[in-house]
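**Student:** Once you've looked at the hints, dock chain B against the given chain A.
These are the residues of each chain, in order.
Protein chains: 2
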Amino acid sequence: MHPMAAGGEHDEVTCVDFWANGFGMRVRIALHELGVGFRFVEEDLRVRERSELVLRMNPIHRSVPILIHLGRSICGSINILEYIDEVWGQRVSTRLLSRDPLERAHARFWADFVDHKVFSTQTMFLKSKGEEKEAAKAELLGQLKCLEGVLGDKNFFFGDEFGFLDIVLIPFSSMFRGYEQHGEFDLEVECPTLIQWEKRCKEMESVKHVLPNEEMMYELHKKWYGIE
Amino acid sequence: MHPMAAGGEHDEVTCVDFWANGFGMRVRIALHELGVGFRFVEEDLRVRERSELVLRMNPIHRSVPILIHLGRSICGSINILEYIDEVWGQRVSTRLLSRDPLERAHARFWADFVDHKVFSTQTMFLKSKGEEKEAAKAELLGQLKCLEGVLGDKNFFFGDEFGFLDIVLIPFSSMFRGYEQHGEFDLEVECPTLIQWEKRCKEMESVKHVLPNEEMMYELHKKWYGIE
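Protein chains in written order, with our numbering: chain A, 1 to 228; chain B, 1001 to 1228.
Think of the hints as simulated: they come from the structure by calculation, not from any bench.
This one's a predicted model, so the numbers in the text were calculated from it and none came from an experiment.
Glycine included, each C-beta is placed from N, C-alpha and C at the ideal position.
Hints are not guaranteed to be accurate.
To be verified - Just some of the chain B residues that point at chain A, by a computed CB distance under 7 Å:
(1) ASN1079
(2) ALA1105
(3) LEU1194
Here chain A stands alone, though its shape is the one from the complex (with noise of 0.2 Å):
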């Protein structure tokens, strides 16, 4: 397969996604990142009622992000992003995944710790007030800090190449801003080379296509989570 035919309109491919989940952004970097282009229906997440096209494509979690391809639905935000790497990346030799498996697990295994740690510790932090505010935001601050760790000196967290793991975890640099607000403390300060990363992510043409405004995520999850 030529490497132009990547994204030819003969791929239909669609994104269905709120611009605000943070699950789908990861979806659609990667689309954006190896040039796959795609047509994007929105789903608002803000009413209770998922439409008819969620429901059956993915009857089980009716959840969003789903991608459909040649009209077969692949559901799970880091399962997509598997199939991306595995139909596009192979085609334009842009790999989001790295081909040795000891780095490939190291990446799985940190984007489960951001999908199953850093995800809730950030739901209980935005949830909570007083005491339990404050243990919530030492908690999600340990896991950037550990997440930092992984970082160490490099551009991007397998190298100099931005990839899997920095795509699973930039949508949550949208909420950065917002957790400064709402916990009144200065990431910067607190995680320097995350914020680093961030920038970096952030000069990216695929990011930047993707991120939302961080002001309206921020008075997003402010009504989400009741924060006043």
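**Tutor:** Just chain B now, kept in the frame of chain A:
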């Protein structure tokens, strides 16, 4: 690399696990399936404190299974299965995951369903009593029937070959007799397709070798969950 080199002593493979850990059984089945020789180090999960080896090799989660290959640790059972497939599946030309990206995505989707839906429902079912137990039982049976739908009339989840999703789910079968005793039902009546699949899996040498005694499994879970 010559196929016979798979599992050779120079690979230095160690699996740290507990005999009754369903997540770890996956790893041991996969290693047997691909003919990878390994050293088994038992971590007794009945005692509260983790060993020095576990704390050192999995400092983030302090859990097993852990695969140690050439001195480097890989953690998380699904992550380990992917690693095993990438390192040794390549060598022996028996792949746990299909080479087709869509089938791979489906296998990973359902693996995630087993880990994040079936497992938590099983825990809820075993921990609860009365109405709550009946509700959890209904949910668990619904999830198992859902998996029967994926199985369809195939011998294994993705056709005629025992593979990734079979390995992910089969350890749960060591609790099926426990489900029946705890919930007072006959799983062969409720999920006949799944029971036929279970029987086929249990004819595999790798599965026979790893799955524990079902009575011992249920006795252990009775202690863990305070079942009378």
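**Student:** Against the structure, test the hints numbered earlier, and report the numbers of the ones violated in rising order.
**Tutor:** 3
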